[in-house]
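Asks: Guided by the hints, dock chain B with the ligands onto chain A, whose structure is given.
Chain by chain, the residues:
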Amino acid sequence: MLKTFLIGIKDVKLAFRDRAAIIFMLLAPFLLTLGMGLVTGRFSGNSSSGISDIPVVIVNLDDGELAEALVDVFYSEDLADLVEPSLGTSPDAARQMVEEDKVAAAIIIPGGFTASIIPPSEMGMIVYVGPRAIEIYANPTRPTSAGIIKSIVDEYLSYVEEGTVSGQTSIFQLMSSGRISPQNAEAAGQAMAERLQNAPNNEQLAITLNSSTADGEEIEFDVLAYLAPGMALMFLMYTVSYGGRSILAEKAQGTLPRLLVSPTNSTQILGGKVFGIYLTGVAQMLILIGATSLLFQLKWGDPLGVVLLVFAAVFGATGWGMIITALARTPAQVGSVGSATMLIFGILGGSFISLDQMPTYIQTISRITPNSWALDGFTTLALGGTLSNLSAPITALLTMGGVLFLASILLFGKKNLVQK
Amino acid sequence: MPTILEVKDLKKNYGDFAAVKGITFDIKEGEIFSLLGPNGAGKTTTISMLSTLYAPTAGDATIAGHSVTKSPMDVRHAIGVVPQDLALYEDLSARENLTFWGQMYGLSGSSLKNRVEEVLGQIGLVDKAKDRVKTYSGGMKRRVNIGVGLLHKPKLLFMDEPTVGIDPQSRRAILDTVKDLNKQGMTVLYTTHYMEEAEELSNRVGIIDHGELIAIGTQKELTRQVGETETLLLHIGENEDPEALISALKGIDGVLEANAINHEISVITHSAADVMAPVVTKANERGIKIHSIDIREPNLEAVFLHLTGRALRD
Ligand SMILES: Nc1ncnc2c1ncn2[C@@H]1O[C@H](COP(=O)(O)OP(=O)(O)OP(=O)(O)O)[C@@H](O)[C@H]1O
Ligand SMILES: [Mg+2]
Chain A
147 MLKTFLIGIK
157 DVKLAFRDRA
167 AIIFMLLAPF
177 LLTLGMGLVT
187 GRFSGNSSSG
197 ISDIPVVIVN
207 LDDGELAEAL
217 VDVFYSEDLA
227 DLVEPSLGTS
237 PDAARQMVEE
247 DKVAAAIIIP
257 GGFTASIIPP
267 SEMGMIVYVG
277 PRAIEIYANP
287 TRPTSAGIIK
297 SIVDEYLSYV
307 EEGTVSGQTS
317 IFQLMSSGRI
327 SPQNAEAAGQ
337 AMAERLQNAP
347 NNEQLAITLN
357 SSTADGEEIE
367 FDVLAYLAPG
377 MALMFLMYTV
387 SYGGRSILAE
397 KAQGTLPRLL
407 VSPTNSTQIL
417 GGKVFGIYLT
427 GVAQMLILIG
437 ATSLLFQLKW
447 GDPLGVVLLV
457 FAAVFGATGW
467 GMIITALART
477 PAQVGSVGSA
487 TMLIFGILGG
497 SFISLDQMPT
507 YIQTISRITP
517 NSWALDGFTT
527 LALGGTLSNL
537 SAPITALLTM
547 GGVLFLASIL
557 LFGKKNLVQK
Chain B
-6 MPTILEVKDL
4 KKNYGDFAAV
14 KGITFDIKEG
24 EIFSLLGPNG
34 AGKTTTISML
44 STLYAPTAGD
54 ATIAGHSVTK
64 SPMDVRHAIG
74 VVPQDLALYE
84 DLSARENLTF
94 WGQMYGLSGS
104 SLKNRVEEVL
114 GQIGLVDKAK
124 DRVKTYSGGM
134 KRRVNIGVGL
144 LHKPKLLFMD
154 EPTVGIDPQS
164 RRAILDTVKD
174 LNKQGMTVLY
184 TTHYMEEAEE
194 LSNRVGIIDH
204 GELIAIGTQK
214 ELTRQVGETE
224 TLLLHIGENE
234 DPEALISALK
244 GIDGVLEANA
254 INHEISVITH
264 SAADVMAPVV
274 TKANERGIKI
284 HSIDIREPNL
294 EAVFLHLTGR
304 ALRD
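These protein sequence lines are chains A and B, in that order. Okay, so the first sequence: first residue is 147 according to the working numbering, each after it adds one. Okay, so the second sequence: first residue is -6 according to the working numbering, each after it adds one.
Since the hints were made in silico from the structure, they are not lab data. Among the hints, erroneous ones may be present.
[To be verified] Straight-line Cα separation of at most 16 Å, EDC-like style, residue types lysine to aspartate or glutamate; simulated pairs:
| id | chain 1 | residue 1 | chain 2 | residue 2 |
| --- | --- | --- | --- | --- |
| 1 | B | K146 | B | D173 |
| 2 | B | K127 | B | E83 |
| 3 | A | K159 | B | D124 |
| 4 | B | K282 | B | D234 |
| 5 | B | K148 | B | E(-1) |
| 6 | A | K159 | B | D84 |
| 7 | A | K397 | B | E83 |
| 8 | A | K397 | B | D78 |
| 9 | B | K127 | A | D164 |
| 10 | B | K121 | B | E111 |
| 11 | B | K176 | B | E22 |
| 12 | B | K14 | B | D53 |
| 13 | B | K127 | B | D84 |
| 14 | A | K159 | B | E83 |
| 15 | B | K176 | B | E193 |
| 16 | B | K213 | B | E189 |
| 17 | B | K243 | B | D267 |
| 18 | B | K127 | B | E89 |
| 19 | B | K213 | B | E193 |
| 20 | A | K159 | B | E89 |
| 21 | B | K63 | B | E(-1) |
[Said to hold, decoys possible] Computed from the model, here is a short list of chain A residues facing chain B with C-beta under 7 Å:
| id | residue |
| --- | --- |
| 22 | L152 |
| 23 | K156 |
| 24 | L160 |
| 25 | R163 |
| 26 | G400 |
| 27 | T401 |
| 28 | P403 |
| 29 | R404 |
| 30 | L406 |
| 31 | V407 |
| 32 | S408 |
| 33 | P409 |
| 34 | T410 |
For clarity, every value in this text was computed on a predicted model and none was experimentally measured. Idealized CB from N, CA, C, for every residue including glycine.
Just chain B, with the same shape it has in the complex:
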């Protein structure tokens, strides 16, 4: 598969603060590539540079053969952008919004009209197309926001956390739309801080943290970095202090890593069965009550934890 996006040592400073510290990766045509990282990792900043909104402090990227710094206009024709925050005219209807943005992408006449109706169907808003966007639910607005990015059938679609802050049902619909679009041949760069989304959607994942790409590969390749591991997830009471327990857990033979996220303690190990008993014993010794224990296969969450010592979620 040919490469559609090639990023070379891309950097962005906001004043003295380095938000993106030199990242390099590429995306092949037909892929869904996810940038997975916590809040403030630099996902939006990266998308902003790739979509020619911000000039990079250093480095460059080529999209469909055009440099984002040297020929931004050509890049803009090739890409579609779904920004993290809604960018719509609330006093226009969905149809009017789509029509206006289609015009900005150079569509006109009957091809514009047909395309607008097609996209309305795709985002499931044909019935509400005449209503002003401000009367829509959060999920519906998100869908219009996505629709705008699709109008000119871009070769490469950037989607910046398109599911934040919406109900599970709308989220499901959006994830399905992304998969549909990809089946129809659209390449997608998807950013998220939900590892489930990255796992479900992507062919390949880049993990980004503090402006650095700390891992990149297929989900298999990434989880292999953690080794053949399993994760024990201990749910403890709200008033319990997990810190003392964690250092005790780290002392158990066979425990690779132990971390606390809110009221969950995750214990990474080669064999859950072997460490289960000593873990429970240590907790009892400290008077900490365990409500339940889950055993998880290695996942991207574990990879992130392994690489950073922190949880992906906030």
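Chain A extracted, bound-state conformation:
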């Protein structure tokens, strides 16, 4: 047990002393995340991303200005590339479209939405209406796209909410943008002031967005929250094949035979090698997560969930590293098969193109990659999910790792890695 641990630690040390390994484990995913973040405008506050033409259905049950304005936002030039809006009339039909995976989300604006924010004053009295919530019914199989829709609505609402709180300026903005006629402005301003005074506390004032996926998860979106784990997971595959390669390399460089003539048995040695790969992968992921959190202010979400998901993801990936090693004959073979796997899994797993954009059969195939499961998990966490929402990806990753480990142990036994 102790020797297994010591061998593993030695391998972590060696991996982090290898300049080429550092480049692939840390630098490459970090720079690619940065690069893709720049391309998608994450750092300039532009909302466009690699994702485009997200289908969304809007059901507007309100006839007020604010609802109109929101619909206009979705039909605006700015968002023309990003979203593909359509209008619906029935909330149920819209939800049905989400269930059938025809759209990424349904936005349902309830009747009286505008009035709940800017009360009508024709009757000469101000009626206090509690804020009415916009419903976003999100497609759980397209968390990223749904997240984008949610963030658009969010942004709009915070803009409106700012107006309700800070009185005149926002009313002026609403006016200048043609949302409120000058005749109504004064009344609207009074209404807002009134509501500010009457409201028991500011919290009740807040306009709530009643968003949920079909499984009831909260959503919030940052493009990087998708890109960063995607890249980290892709280069995690590099790390596990690097580790696998080191098993065969130790054989070639004579240190494996030397271990075998020391009082260390082959289970301890193989266990140590696997432990080393695992530790290196975990360290790599945690460093990348730490770096992107600090430097990009990226919120990965629930820390416990993130850590446990990392553990599970590295376990699944290590399984792949082992099976590649068990099937290969030379360190060079592990290297080339490993690189190919890294790229294929990267593409299949959604590191470059969101899986939402891919045909269903590819989405199905992608389930063999640890990337797609883990990426799902990381997206869920970034959108506000917690450990309790991760049972599917974690179970899948652990099962994947377990099956692959068993298979590779059988293969290693056959190949007789050690004894001649």
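Replies: Here is chain B with the ligands on its own, set in the frame of chain A:
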């Protein structure tokens, strides 16, 4: 002296190829025993079986009372191994390498630390202990490779051609280290294809060729097999063809054996003085120019030549 290693009819086949064909010998405690043989003789294969890396095809060996086939773990505790090819982590320093390998031999804490420093001193690398092994010269790497084998103070140390491919100075240092270790009580099984090393170091020598142990004994016992002989070493020009001369030399009265190794012809005889003149005459008759002639006392080279008809060197 008690026996520390006993080898009984040990065999190893690689597929159809018999690399070691049933060898039997033993080593007494406190000895330096050399296995002397040319490339491909089966030295490394023998060490690999004795160190429990390869399972023998047949036969067995006992080390410090433990069978290599039945209780390999006990054997591993008793032996230290210095493999022919470097087996080190190049991205770790000498100190880190020694520490890691010490841990693999079950050392820990301050005893590990002290032992690592002790061995660093023994192999003369205290100053460079912090540098990564990949920055070392070939000779320094060899020394670390040896150091790893010494950490747990094994009763029996296997050294497989520890001096191949290094400069004379490093070689000298290594040979001296081996003698020191032996003085401190370590038993050594040393393999080499340099007869000078075997002659300088060993109490006893086993000569191995094509997987067979063809002679075994002290240097005196072995050279006696050749008889009271001397060797004439003729250096001839690069363009000369020695073959025709050799058959002529074999015809001279008093010449026991004549062989060509590169541009040297060795002539084994009972009396160098008696055959010198006819040898030179035969060479002149064939127009072969002799640059110089050395006279050698009988040595292991001669023994090998005598037993196999071939030179030890490649
Ligand atoms: N793994 C192997 N598979 C097949 N043949 C092998 C293997 N290892 C060694 N041999 C063959 O067995 C014979 C003995 O090899 P071995 O390495 O034991 O010789 P050696 O005396 O150590 O030679 P050297 O002085 O070159 O190190 C050689 O002919 C070699 O080609
Ligand atoms: Mg050898």
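Asks: Which numbered hints does this structure break?
Replies: none
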